[in-house]
Amino acid sequence: MTTDAVSGSDSRPPAWSSGLSTNDFAACGSLGLRPLGFVQGCSVVSWNFYGLGTSLMGGGFGTNQLSGYSEQYNCPHGFVSNEHRVYGLNYQKTWVERAWMDALTSATKRLLDEAVGIGAHGVIGIVDRSIHHTENATFEISLSGTAVGVDDCERPVRPFTTFLSGQKLNKLVEAGFAPVEIALGISSVGVISSCITEYQLRGSGSVFGTNIGNWGVAQQGEIDQLTRAQVAARSIVRDRVRHQLGGDVLHGAALTVRTIESQEGPQVETVLRGNRVRVFKEFAKMPTPRPVVRLVDR
Amino acid sequence: MSDAMRADMRAAVAALKTTPGSDQHSTTSDLSIDETLLLHGMGYEPVDLVTGISVMAIPYGTFIVPYGQGGPVELPGATHALASAFQNAIERMRRECKGASGVVGVDVEVEISGPTAVVSLTGTAVAPIKRTDAHPGRPFVTDLSVRDFVLLDLAGWTPIDLVSGAGFVAAPIQGVRQVLSQVGQNIELPVITQALQVAREKAMDQMQTAAIALSASGIVDVTIIDGPLGHSRHVCAFICYGTAIRLDAAEHQRIEPDLVLPVDDNVGFSAGSVH
Numbered sequence: 001m002t003t004d005a006v007s008g009s010d011s012r013p014p015a016w017s018s019g020l021s022t023n024d025f026a027a028c029g030s031l032g033l034r035p036l037g038f039v040q041g042c043s044v045v046s047w048n049f050y051g052l053g054t055s056l057m058g059g060g061f062g063t064n065q066l067s068g069y070s071e072q073y074n075c076p077h078g079f080v081s082n083e084h085r086v087y088g089l090n091y092q093k094t095w096v097e098r099a100w101m102d103a104l105t106s107a108t109k110r111l112l113d114e115a116v117g118i119g120a121h122g123v124i125g126i127v128d129r130s131i132h133h134t135e136n137a138t139f140e141i142s143l144s145g146t147a148v149g150v151d152d153c154e155r156p157v158r159p160f161t162t163f164l165s166g167q168k169l170n171k172l173v174e175a176g177f178a179p180v181e182i183a184l185g186i187s188s189v190g191v192i193s194s195c196i197t198e199y200q201l202r203g204s205g206s207v208f209g210t211n212i213g214n215w216g217v218a219q220q221g222e223i224d225q226l227t228r229a230q231v232a233a234r235s236i237v238r239d240r241v242r243h244q245l246g247g248d249v250l251h252g253a254a255l256t257v258r259t260i261e262s263q264e265g266p267q268v269e270t271v272l273r274g275n276r277v278r279v280f281k282e283f284a285k286m287p288t289p290r291p292v293v294r295l296v297d298r
Numbered sequence: 299m300s301d302a303m304r305a306d307m308r309a310a311v312a313a314l315k316t317t318p319g320s321d322q323h324s325t326t327s328d329l330s331i332d333e334t335l336l337l338h339g340m341g342y343e344p345v346d347l348v349t350g351i352s353v354m355a356i357p358y359g360t361f362i363v364p365y366g367q368g369g370p371v372e373l374p375g376a377t378h379a380l381a382s383a384f385q386n387a388i389e390r391m392r393r394e395c396k397g398a399s400g401v402v403g404v405d406v407e408v409e410i411s412g413p414t415a416v417v418s419l420t421g422t423a424v425a426p427i428k429r430t431d432a433h434p435g436r437p438f439v440t441d442l443s444v445r446d447f448v449l450l451d452l453a454g455w456t457p458i459d460l461v462s463g464a465g466f467v468a469a470p471i472q473g474v475r476q477v478l479s480q481v482g483q484n485i486e487l488p489v490i491t492q493a494l495q496v497a498r499e500k501a502m503d504q505m506q507t508a509a510i511a512l513s514a515s516g517i518v519d520v521t522i523i524d525g526p527l528g529h530s531r532h533v534c535a536f537i538c539y540g541t542a543i544r545l546d547a548a549e550h551q552r553i554e555p556d557l558v559l560p561v562d563d564n565v566g567f568s569a570g571s572v573h
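Residue numbers (this note's numbering), protein chains in the order written: chain A, 1 to 298; chain B, 299 to 573.
There may be inaccurate statements among the hints.
The calculated BS3-like cross-link candidates involving lysine-lysine, where the alpha carbons are at most 30 Å apart (straight line), are [as the list claims (entries may be wrong)]: (1) A:Lys281 to B:Lys315; (2) B:Lys428 to B:Lys396; (3) A:Lys281 to A:Lys171; (4) A:Lys168 to A:Lys109; (5) A:Lys109 to B:Lys315; (6) B:Lys396 to A:Lys281; (7) A:Lys171 to A:Lys109; (8) B:Lys315 to A:Lys168; (9) A:Lys168 to B:Lys428; (10) A:Lys171 to B:Lys315; (11) B:Lys428 to A:Lys171.
The set of hints was computed from the structure by calculation and includes no laboratory data. If you're wondering where the values come from, they're calculated on a predicted model, not measured in any experiment.
Model the full structure from these sequences, guided by the hints.
Rendered as structure tokens:
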């Protein structure tokens, strides 16, 4: 250790940490990216599945009204019994989506604040995690990645972010796409099954515990209410992410769908994540690829 | 090479200062950069991430088979539900194409629970580069990867559609004497074997019929899901799907691949195990 280092006046740059693999690190070097540090951002929010104070029917004791997508499925049979559902409902759980998006925004801001603090041009190799704490009541979103600097280049106002790193990032840039930011969106659609959906799912309707047949509903066929909920959930999340793009391109998207069974009916949650990228040079016409056979034993 | 890449990276960072026009159409895709480049080499570009889903009801009691059946019992209710789920999901995905030529790399998820059959599809719609007019024909749907799609094209073939088949067959409940005669013996269980065979034939036949209806020459990349149903172990399910293809060129184009010999350390040679 030099005397300068002990006294704290060493002129060498301080050591950095990174989440890059050795391969990724080597590949980023060829793009002129210098790792500056491992940066993170997280946010933990309270997670209310049904949304406290939300009135599904737009009245009663709730303070929040339904907004966004909703479809009501009225019972065609008229009032039959207390057990018979008078209506069914597909509804967008905007309070769940808002909590998730707020957590994501906060986590992203914290990640970027750390990156800006160490003079980064961007953050690469981002890993996002969503964790439910304590029986689903608390929810955490965390992002981590490697802040990088680009030599001889003015820093952008907001550092770029991307899930990519290594050779994939190299190929992206070579192909003429600039990483802009990670794009993430969620949609949450709840289903309160109508009497018809209930019948299609369970094969019977009941009055005072007595099965009285099929209510005139053909059981075979598409379950319209559930299909429409699934279609809506996918459509909402794609529109949400498209809205973030502003004319850019979403690359390498991954759509995750989770259907949670509950007493009322299924709850559909979809998450769409990908890389928002911008075309910065003309995409050169690629030559027709040549097929190859690798001479290997196995 | 590295200097050119560094210059590209600097240009990429500089491009962050500009924003594309708000009227610019945003494209979305689940393709990797390799797949995007391959597709581009073929004259296509990704247009949009598209999905299709269908939730079908399987009639109550479908999986209950009365005692005393002599042989395997086909369950047309379940078979029909899954076939319709496939058809509906594919049609929904096609409707989302909006002028694209077709959908590639479709990820297929099939789920059979007690009362429902769910088919969920996700893929990327593609169109010829910079084409503004809508595709004149019916967009194709294929679960082939971009790599397979390109290879098929080089060979002169074109995908037509995703075709599927399903068979649900219940093995008859065995009598006590029959069960006791099998206890402790490693022997073939003919009723279950037969049920699986019938389910297989039915499913493959359905898939083949669907391909013939599309005037396809054949089906490639067939995926098979088979085995007993989780909630009704006496029911053998056989589900298959693949891409129906047709020869577009006058004849099959022979592909003559270049031979490459990788010289990296981890390929083709294993040291350290001397016998």
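Here's how the hints hold up against the structure:
1. A:Lys281 to B:Lys315: holds (14 Å)
2. B:Lys428 to B:Lys396: It holds: about 15 Å lies between the C-alpha atoms, which stays within 30 Å.
3. A:Lys281 to A:Lys171: Since the Cα atoms of Lys281 of chain A and Lys171 of chain A sit roughly 13 Å apart, the hinted pair holds (cutoff 30 Å).
4. A:Lys168 to A:Lys109: holds (25 Å)
5. A:Lys109 to B:Lys315: holds (19 Å)
6. B:Lys396 to A:Lys281: holds (27 Å)
7. A:Lys171 to A:Lys109: Roughly 28 Å separates the two Cα atoms, so the pair holds.
8. B:Lys315 to A:Lys168: holds (23 Å)
9. A:Lys168 to B:Lys428: holds (25 Å)
10. A:Lys171 to B:Lys315: At roughly 22 Å apart (the allowed maximum being 30 Å), Lys315 of chain B and Lys171 of chain A satisfy the hint.
11. B:Lys428 to A:Lys171: holds (22 Å)
When each numbered hint is compared with the structure, no violation occurs for any of them.
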